[in-house]
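Asker: The residues making up each chain are set out below.
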Amino acid sequence: DAKTTQPNSMESNEEEPVHLPCNHSTISGTDYIHWYRQLPSQGPEYVIHGLTSNVNNRMASLAIAEDRKSSTLILHRATLRDAAVYYCILARMDSSYKLIFGSGTRLLVRP
Amino acid sequence: NAGVTQTPKFQVLKTGQSMTLQCAQDMNHNSMYWYRQDPGMGLRLIYYSASEGTTDKGEVPNGYNVSRLNKREFSLRLESAAPSQTSVYFCASSEQTGDYEQYFGPGTRLTVT
Chain P
10 DAKTTQPNSM
20 ESNEEEPVHL
30 PCNHSTISGT
40 DYIHWYRQLP
50 SQGPEYVIHG
60 LTSNVNNRMA
70 SLAIAEDRKS
80 STLILHRATL
90 RDAAVYYCIL
100 ARMDSSYKLI
110 FGSGTRLLVR
120 P
Chain E
4 NAGVTQTPKF
14 QVLKTGQSMT
24 LQCAQDMNHN
34 SMYWYRQDPG
44 MGLRLIYYSA
54 SEGTTDKGEV
64 PNGYNVSRLN
74 KREFSLRLES
84 AAPSQTSVYF
94 CASSEQTGDY
104 EQYFGPGTRL
114 TVT
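Going line by line, the protein sequences match chains P and E. Just so we're aligned: 32 in our numbering is position 23 of the first sequence, and the numbers increase by one with no gaps anywhere. Just so we're aligned: 25 in our numbering is position 22 of the second sequence, and the numbers increase by one with no gaps anywhere.
Simulated from the structure, these hints should not be mistaken for laboratory data. Virtual Cβ for every residue (Gly too), placed ideally from N, Cα, C. Hints are not guaranteed to be accurate.
[Unchecked claim] One-sided and incomplete, this derived list gives chain E residues near chain P with beta-carbon spacing under 10 Å: (1) 19; (2) 38; (3) 44; (4) 46; (5) 47; (6) 64; (7) 101; (8) 109.
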């Protein structure tokens, strides 16, 4: 399974944009890039996912490099409620499609 | 619409005891999953069920069994609990396997002494 590399932690100020990076240099053509986040003492929550093109939804934007070896999750205006562990995950589109979680990036949001 | 529910929320077992973790979803999803999360780590897939009547192993299936009781319910059984199984267990569901969002339950915190 292809692996992802994320910084252990990042800090941001409230109401400022946050860019969370993810490297996935061994990504294959059928791997989707998923982002989930986990708030303290809760189960993970889906944020966004994409294959090749940049994606936007109500929570965030996903910017995917042209060679697909890296991606960036963008929170446009961080709030205190966005403090969580963010997981960048590659999921292969085959019969055993699985989410393989790494250790993620812990985002701290300062008021 | 409760989403994914899990019981119990907390459990303490002695080594060698058995127990079953229950999971149910009310979203009419076909696929369900069991994960475990050890302290400071990401989640690891134990077993999953792509559809009613099927189950498959994930990354860390040893020491566990599962039953897809019906479309709504997916249970995880520890036949003989070991301290290494101390963890938080999460159940999840999705419309299908593949490129679909997974919805997670609140977790069961299990301690094996």
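Asker: Each hint needs a verdict: does it hold in this structure or not?
Answerer: Here's how the hints hold up against the structure:
1. 19: violated, 29 Å
2. 38: Holds - the Cβ of residue 38(E) comes within 10 Å of chain P, reaching about 8 Å at its closest.
3. 44: holds, 6 Å
4. 46: holds, 4 Å
5. 47: Hint holds; residue 47(E) Cβ to chain P Cβ min 7 Å, cut 10 Å.
6. 64: violated, 12 Å
7. 101: Nearest chain P Cβ about 5 Å off; hint holds.
8. 109: holds, 6 Å
Hint check: violations occur at hints 1 and 6; the rest are consistent with the structure.
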